[in-house]
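Novice: Protein chains in written order, with our numbering: chain A, 1 to 561; chain B, 1 to 266.
In case anyone wonders, no lab produced these hints; they're calculated from the structure. Small disclaimer: the values here were computed from a predicted structure and weren't measured. Warning: the hint list may mix true and false statements.
Derived lysine to any residue pairs resembling SDA-like cross-links, with alpha carbons at most 20 Å apart [as the list claims (entries may be wrong)]:
1) A:LYS378 <-> A:ILE329
2) A:LYS82 <-> B:LEU236
3) A:LYS530 <-> A:TYR503
4) A:LYS554 <-> A:TYR471
5) B:LYS43 <-> A:TYR269
6) A:LYS231 <-> B:LEU79
7) A:LYS273 <-> B:LEU236
8) A:LYS273 <-> B:LYS44
9) A:LYS9 <-> A:GLU216
In silico negatives: residues of chain A with every beta carbon more than 12 Å from chain B [as the list claims (entries may be wrong)]:
10) LYS177
11) TYR178
12) ASN501
13) ASN545
Going by beta-carbon spacing under 10 Å, a handful of chain A positions derived as facing chain B [stated by the list, open to error]:
14) THR7
15) ASP85
16) ASN100
17) GLY104
18) ASP233
19) GLN271
20) ASP404
We put the CB at the ideal spot given by N, CA and C, even for glycine.
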Amino acid sequence: MLKFRETLKIVVVGHVDHGKSTVIGRLLYDTKSLPERAIEKVKRISKETGKPFEYAYLLDAFEEEQKQGITIDTTQIQFHTKKRDYVIIDAPGHVEFLKNMISGAANAEAALLVIDANEGVREQSKRHGYILSLLGIKKVYVLVNKMDLIDYSEEKFLDVKSDMDTFLKSINVFPQKYIPVSAFYGENIALRSKKMPWYKGDTVLDALDVFEKDKEIIDKPLRLPIQDVYKFDNRRIIAGRIESGVLNVGDEIVIYPSKRTSKIKSIEYWQEKDKTTKVEAGMSVGITLFDEFFYKRGEFITRKDDEAPLVGDTFKANIFWMGENRLTINKRYKLKLVTQETECEIAAINRVIDASTLFSNDNAKKVNTNEVAEVVIKTKDKICFDEFRNNHVTGRFVIVDGYDISGGGIINGLEILDVANKFVKGNVELPITCFDEYYYLIPYNEIKKVAVERKSYKIGDKLPINGDTYYYPDNFDVIDLNNELSALIRDGKLVDLINLNDYKYEGYPVYSSDGFLARVKNQDDFINFKNDFKESKYDLVDFANKWYDPIANKRIVYKAV
Amino acid sequence: MDRLDMLEAQSIYILREAYKSFGKLGMLWSIGKDSTVMLWLAKKAFFGHCPFPFIHIDTTYKIPEMIRFRDKIAKEYNLDLIVYTNWDAINNGMGPEKGRLVCCKALKTDALQHVIDKYKFEGLIVGVRRDEEGSRSKERIFSERNKESEWNYTNQPPELWDQFKTDFPKGNHIRVHPILNWTELDIWKYIKRENIPVVDLYFAKNGKRYRSLGCAQCTGQIDSNASTVDEIIEELKHTNINERAGRAQDKEDAYAMQKLRKDGYM
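Only chain B is shown next, with the shape it has when bound in the complex (with noise of 0.2 Å):
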C-alpha cells in the first residue's frame, strides 16, 4: 500500500465509525476540493451509497460557480443536501464589510450552530486538515464540542489506536474529522488518481486559479498557469507559499483562525 492507499483506508475507516457511532450524523460539503474528495470517499465507504445528509453552509457570499456545482453533484450523486443560511443576520446587514471575523462568526460558525439546533446533531463530519493551518494541526479525529460549540483545545482527551471519543453528555456532540492526516498534495492527487470531479475555479484562467475557495469578497487568487490536475501537483511539489494565502480572515491578527475554531469554527 502507497500513502494514498493507507490514507484512503484510514478516511474510510474513520467514516465507518462515525456512522456507526452517531444516531444523527451530517457531513458538512463546502463545495471545495477537500469535502468533495471527503464525498467521494464516503460513496467508497458505503458502496455506492451516501446514508447521511450533507450540510451547505451558504453566506450567500460564495462565488456562483460554486453554487452551480453544488446543485449539479447533489444531483448527479443523489445527496440528501441541506443548505443553510443564517438570514437573520444577513437581514440585519452582515457583511464582510462589518468585519471579516465578526462576518466569518455569524454567517459561518452561528449558522452552523443553528443547524446543529435544528436537526439535533451528535456528529458532524467535518474536511478539515492538519497541515492548512495551526490550530486544525492540533486536532483529534473526533473532537468534542459542548452546547455552544466551543472547543477546548488545551485540555483534549487522548486519542490512539484508531480508538476515537464516542462518549459524550447529551447536547454537546463530535466532529469527525476523516481527512485529517492528509495534505493538501495528497488530496490532488487523489483526486487525479480517482478522477475526481472538482469545480473549475481551481483551474488557471488568463494566469490565476483559486487554491483554496471561500466567500467571493475574502478569497484570493494565485499567480498560476495551472489549467489541469497534473499542472496542479506539480505546482504544488515546488511552491513554498501557504495554502491559505489567499484567504483574508486568516489574516486579521496573528490568532484569528484559532480564534475562530475556539468557537465552534470549521
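Chain A on its own, in the form it takes in the complex (with noise of 0.2 Å):
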C-alpha cells in the first residue's frame, strides 16, 4: 500500500526583486528536490552568459525571463519534508503580470509574501498583501529576506515587521510568523542561521509544516453545480464536482434555483472498485436520481436539510480587474461563477482602490487594469452562490470581457438597487430617474436609460438640470401619482418636497418623477390629471400616452458604451 500523505499548495509573493525566485530555488535546492540535469543546465546557462550562479535561475526556464532576470509566469515544482509534500507556486513580482500572478495565487492555500530588508515595503509588497486577501488566503508568513544585506540587523528587521504589519492589518491580513531570511545564503531557510543568533522562530521550511491544512468545506452545507448530463446509455447521469458538504445516496435534494426536489437513487462509477454510497467535497462524480426531470448545467443540488444558496440577479462584491480594457459600467461581460454562465453589467461602481496605497476613490466611472473596486454586479439571469465568507469556492466569480478572462472576484452579498435617485426631506422619499440619460448604444444597437450617478437631493441641494440627454427650465414641479408626492423646483434647487394632498398646481410645468412632460396647461388640467390617473391605475399604457409627452426636453446621443 502506498503511504497517505497530505499535500500543500504555497505561494510565493512579493515585489520584483526581492527573492521570490531565489527562496523557491533555495528551497529545492536544500530539500534535493531538483534533477541533477536542472542545476547543471543553470551552471552552463550561467556560463555562457557569464553571469553568476543564481539559484533563480531554476526555475526561470523561459530565454526571455535570463534576459531580464525576472519570471513571467507562475510554475508550479514539488518538495518534500517529512511531515508532507509542497507545490510551490512562483508567482512574478512584476506589476505587468499581476495576472500571472494571481492564476498562481488563487490555487493556494498558504502563501509567503517575501520583503527585501533593504529595501522594505513597495508597492508590490502591498498590493500582493491586498490581493492575498481577496483570494481568501489565511495562512501567510512574511519572509524578510537579504538580512546579509542589512548586517543581520534585528533592528532593521523588527522596523520592517512593524511596516509590513501596520499595511496587513488594515486590510485583515494576519501574518502568523515574521522570519528573517538569507536565501542567496540559505540563512534560516532549511538551516537555522548562526548569524542571526537573536531570532528563536522556526526556520522557513520548520515552519510550513506548522500550516494546518484546511477542512472544514466538507462540513458546509452540499454544493454540487450541474457541470454535464450524459446519456450515453440507458443512465441519465449529472455529473459534476461536489465543491462543499457530503452526499449519500438516499440523500433528500433540492435543486436551485428551480427549488426542485429529489432523491438521490445512485452515485454511479466505472471501475467496480469505486463504488461507494458517499460523496465529499473535492470529488468530481455522476449521480442519478429518481425523477427525472429537465436539469441543465450550472444549477446547484444541495441537499434539503442543508442551508440554501442565495438566489439572485444582483449582488455586491469585491473585484481585481487584468483586463485589457478598463472596466465600466453599462457594458456586457460574460459572468462564470463554477458552472454557471451568464451575461452581466456593472450597475454601479462604488469606491476604486489602489491596493499598494488603498487609496480609494468614491467617485471613479472606471476601473483601470490592475486595481481593485467593490462594484454592484447585476446579471441577465438569477444564479445561485454564497457569500464568499460563508463558501470561497461559489461565493467568487470571473468576468470575461471579450475573449479572454479579465477579472476576478468574490461576493459580499446581495444588493437590493437603489432603482433610481432619489429627493429627499427627513423620512420622506420621491425615487427618480428624471436625472438618468437616454443613450443609443452602438455596440448593441439599442437605446439604454442610464443612471450615471446614485445620489440622494436633500431640500437646497443644486440638481444637475441639464444632462447629456435632458435640459429641463429652471423651474418645475415633479409629480409622482404613485406615491403621492410632489417635488418643487426652483432656480435650479429642490425647494421642497410635500404631500400631493397640500400641493396646488402655480402654473410651472409639471414632470413625472421619470422626467416625461404632463401636458397640464392650467389648474382644471391638473385635476383631471390626477383624476385619470386614479381609474385608469390598470391601464397605465393608456394613461401615460394621453398625458405625458415622452420626447419634450429629451434628445438621444449615441454612445459607444
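Please dock the two separately framed chains into a single complex, following the hints provided.
Specialist: Spelled out as C-alpha cells, the structure:
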C-alpha cells in the first residue's frame, strides 16, 4: 500500500527583485528536490552568459526571463518534508504580470510574502498582500529576505516587520510569522542561521510544516453545481464536482434555483472498485436521481436539510481587474461562477481602491488594469451563489471581456439596488429617474436609460437640470402620482418635497418622476390628470400616452459604451 | 482525499469541461504512459465511454512495440482512432538525419496542424505535465493556439479557480491539459493504483528501460533494473536525472523545447 501523504499548495509572492525565485530555488536545492540536470543546465547557462550562479535561474526556464531577470509566469514545483508534500507556486512580482501572479496565487492554500530587508515594503508587497486577502488566503508568513545586506540586524528587521504589519492589519491580513532570512546564503531557510542568534523562531521549512490544512469544506452545506448531463447508455447521469459538503445515496435534495426536489438514486462509477454510497467535497462525481425532470448545467444540487444558497441577479462584490480594457458600467460582460455562465453588467462602481496605497476613489466611473473595486453586479439571469465568507468556491466568479478572463471577484452579499436617485426631506423619499440619460448604444443597437449617478438630493441642493440627453427649465414641479408626492424645483434647486394633497398647481411645468412632461396647462387639467390616474390604475399605457410627452426636453445621444 | 484522489478529480473535471465546451474535440494519444493514463481518466470521466476521437501522430519512426500496443488497446477500448502521418514530408526524405528540430517540426508539429485543419478541431486534449520541462511548466490548463498553432506564452490570459478559457476567435483552437499538475511519480503511482496497462518498453530488460517514449532514433534507454511498476516507483523516488534525459530533441540547444512548443509542438 502506498502511504497517504498530505499535500499543501503554497504561493510565493512579493515585489519584483525581492528574491522570490531565490527563496524557491533555495528551498528546492536544500530539500534535494531538483534533478541533477536542472542544476547542470543553470550552471551551463550561467557560464554561457557570464553571470554568477543564481538559484533563481532554476525556475526561470524561459529565454526572455533570463535576459530580463524576472519571472513571467507561474510555475509549479514540488518538494517534500518529513511531514508532507508541497506544491510551490512561483508568482511573478512585476506589476505587468499581475494576472500571472493571481493565476498562481488563486490555487494556493498558504502564502510566503517576500520582502527585501534593505528596500523594505514596496508597492507590490502591498498589492500582493491585498490580493491574498481578496483570495481568502489566511495562512501567510512574511519572509524578510536579504538580511545579509543589512548585517543581519535585528533592529532593521523589526522596522520592516512593523511597517508591513501596520499595512497588513488594515486589510485584515494577519501573518502568523515574520522570518528573517537570506535566501542566497540559505540562512534560516532549511538550516537555522548562526548569523542571527537573536531570532528564536522556526526556519522557513519548519514553519511550513506548522500550517494546518483547511478541512472545513466538508462540513459546509452541500453544493454540487451541475457540470453536464450524460446519456451515453440507459443511465441519465448528472456529472459535477462536489464543491462543499457530503452526499449519500438516498439523500433528499433540492435543485436551485428551480427548487425542485428529488432523491439520490445512485452514485455512478466505471471501475467496480470505485463503487460507493457516499461522496464528499473535492470529488468529481456522477449521480442519478429518482425523478428525471429537466435539469441543466449551472444548477446547484443541495441537500434538503442543508442551508440553501442565495439566488438573485444583483449582488455586491469586490473585484480585481486584469483586463487590457478598463471595466466600465453599462457594458456587457460574461460572468462565470462555478459552472454557471450568464451575461452581466456592472450596475455601480462604489469605490475604486489602489491596492498598493489603499487610496480609495468614491467617484470613479471606471476600473483600470490592476485596480481593485467594490462594485454592484447585475446578471441577466438569476444565479445561485453564497457569500464568499461562507463558502469560498461558490462565492467567487470571473468576468470575461471579449475572449479573455479579465477579472476575478468575491461576493459580499445580495444587493437590493436603489433603482434611482432620490429627493429626500426628513424621512420622506421620492425616487426619481428624471436625471437618467438616454443613450443609443452603438455596439448593441439599442436605446438604454442609464443612471449616471446614484444620489440623494436634499432640500436646498442644486440639481443636475441639464444632462447629456435632457434639459429641464429652472423652475418645475415633479409629481409622483403613485407615491402621492410632489417636489418643487426653483432656480435649479430642490426647495420642497410635500404630500400631493398639499400641492397647489402654480403654473410651473409638471414632470413625472421619470422626467416626462405632463400635458397640464391649468388647474383643471391638473385635476383631470390626477383623477384619470386613479381611474386608470390598470391601464397605465393609455394614461401615459394621453398625458405625457415622452420626448419633450429630451434627445438621444449615441454612445460607444 | 490524498494527492492522487485530488489530481484524478481535477483531471476529470477538466475533461468534462472540455467535452462541454468544444463541439469538435479530440485527444492526442502518443501511446506513452501519460496519454495512456489520460485515456483511463477519460473512461472514468464518462463512465466507460470515450465520447471523442483519439489521435495518434505517427512519424513512422516509432518503436514497433508502441504500434502493436496502440492497435491492441484501441480494439479493446473500442476507440475512435485517427492515425495520421505526414507522408508528403516522409516521401520527400524527411527524417532525423535532416536535423532533429526540423524533423520534429515536420513529422509532429506540421502533421498535427494538418489534422487540426482537416477535422476542424476546436479543442485538443494533450497529456503534457508541468514537471517535464520548463516551457510546459508555464502552461495554462486551457491554452489558446492561433490558426498556425502558435502559442503566445508571454501574454497568456489569467486562469483562476478552475475557470478556463472557452472563448476564442474562429479558427483558433484550445489545447486542453488535464494532467498538467501531475508529476512523473504521480503517473506511476496512479498506474499502480488503477492497474492501468502500459506498453512493455517502460520495464527494464537486460539492465535497460525507456523512461520516456518517442521516435526510435531519438529516444535513448536509461540504465535500470526496474522491471515492475513498484520498482519504477522506487527508482523514481531516488533518481535525480531528468525524465526526458533520453530525448534527443530537447538537447539540440538550451531552448529547444520552448522553440518547438511556441510553433505548436505538443
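Novice: Next, verify each hint and record whether it holds.
Specialist: Now the hints, each set against the structure:
1. A:LYS378 <-> A:ILE329: Holds, at about 10 Å.
2. A:LYS82 <-> B:LEU236: holds (18 Å)
3. A:LYS530 <-> A:TYR503: Holds - the C-alpha atoms of TYR503 (chain A) and LYS530 (chain A) are around 12 Å apart, at most 20 Å.
4. A:LYS554 <-> A:TYR471: holds (7 Å)
5. B:LYS43 <-> A:TYR269: holds (10 Å)
6. A:LYS231 <-> B:LEU79: Satisfied, since the Cα-Cα distance of roughly 18 Å is no more than 20 Å.
7. A:LYS273 <-> B:LEU236: violated (27 Å)
8. A:LYS273 <-> B:LYS44: holds (12 Å)
9. A:LYS9 <-> A:GLU216: holds (17 Å)
10. LYS177: holds (26 Å)
11. TYR178: holds (28 Å)
12. ASN501: holds (56 Å)
13. ASN545: holds (43 Å)
14. THR7: OK, holds: THR7 (chain A) within 10 Å of chain B, min 5 Å.
15. ASP85: With a closest approach of 6 Å, the ASP85 (chain A) hint holds.
16. ASN100: Result: holds, 7 Å to nearest chain B Cβ.
17. GLY104: holds (9 Å)
18. ASP233: It holds, given that the least Cβ distance between ASP233 (chain A) and chain B is near 8 Å, below 10 Å.
19. GLN271: holds (7 Å)
20. ASP404: Constraint on ASP404 (chain A) satisfied, holds at 4 Å.
Checked against the numbered hints given earlier, this structure breaks only hint 7.
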